[in-house]
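Trainee: Read off the chains here:
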Amino acid sequence: MLNYALLVHAAPYSHQAALSALRFAETVVAGGHRLKTVFFYHDGVHNASALMAPPQDEVHLADGWKRLHDEHGAELLVCVAAGLRRGLLDAGEANRHGSASHSVEPPFELTGVGQLVDAMLTNDRLITFAP
Amino acid sequence: MLLHLLNRSPQSPSVYRDLGEAFGAGDHLLLIEDACYAALPPSSAVLEPFAGRVSVLREDLISRGLAERVSPDIAVVDMNGFLALTETHERCVSWF
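Line order of the protein sequences matches chains B and R. Numbering follows the UniProt record's numbering, in which position 123 of the first sequence is assigned residue number 123; successive positions increment by one, without gaps. Numbering follows the UniProt record's numbering, in which position 94 of the second sequence is assigned residue number 94; successive positions increment by one, without gaps.
FYI, nobody ran anything at the bench for these hints, they're computed from the structure. Just so it is clear, the structure is predicted and the values come from calculations on it, not from any experiment. Note that beta-carbon positions come from the ideal geometry of N, C-alpha and C, so glycine has one too. There could be a bad hint or two in this list.
[Stated by the list, open to error] Computed list of chain B residues with no C-beta within reach of chain R, every gap over 10 Å:
1) L51
2) D70
3) E75
4) A82
5) G112
6) G114
7) Q115
8) V117
9) D118
10) T122
[Unchecked claim] Computed list of lysine to aspartate or glutamate pairs in EDC-like fashion (alpha-carbon distance at most 20 Å, straight line):
11) B:K36 x B:D63
12) B:K36 x B:E75
13) B:K36 x R:E90
14) B:K36 x R:E87
15) B:K66 x B:E109
16) B:K36 x B:D124
Looking at chain R on its own, in the form it has when it is part of the complex:
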């Protein structure tokens, strides 16, 4: 079980494709920094391969003014939630 950290906006679709190929059963995806934009309803098609296993970082949503605009099927976590995900996943892979 891997935790995948992604910080690229959906304007970089190739990293989402590469991640989709590497994403295993039981893995989880956390969107941080500019990847927050993928959590908005118009963009969240890029997240279809990860459906139900995606979280987005609240602090980075707030700093971009996006906190109220997240797709309802994406979990919003704060920094403590980020830490908790690293506790429960033995390894963490960063995509950038």
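The following block holds chain B by itself, in its conformation from the complex:
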């Protein structure tokens, strides 16, 4: 069994890469490995939007990621700097910036790139999915 981390640079529904990443993540856990970390960076932070509402007959990417957390313990880390620039704020950051609402909720966590470096160093594999 190997420990995997994924790095997702791609926005949902703009490019195939976010869907490729989710499909690979599901294959990792089905294959008996541990998916420890998914790090969302650049436009990939939009995968963490709690307000995502795709048509019901399409893949719901945010729910797919949440399922990997709930069923397999994958941590879902969102770059805070990339997120703030794009309006991806959790309740704490929304309060700090005086925003009336927020768009990121657990199990997605806003975090720094230090956590990405940690994921690179502590997992057996890091696979990047970019647009």
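Got chain B sorted already, so can you dock chain R onto it with the hints?
Mentor: For chain R alone, coordinates are given in the frame of chain B:
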């Protein structure tokens, strides 16, 4: 030994050139997403530097209607094959 992941169509030849310069002995190339188009016989000249060490992802071929049109010297793998390549190659580099 590196696994190289490539998602660009052969309409972006510079990334294929850059990859050719970085491709080492024992490395393997997996074509995903729009890079599937490089696996078709008219385009596969861009894959000459990687001959015999190229795979293409079946799911992405099917979604583009290309499953029956792959050059015979390119291996077709499914998602489990993709996972197996990441198991056997210690590091994976994505080109995009």
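Trainee: Could you work out which of the previously given hints the structure breaks and list their numbers from low to high?
Mentor: none
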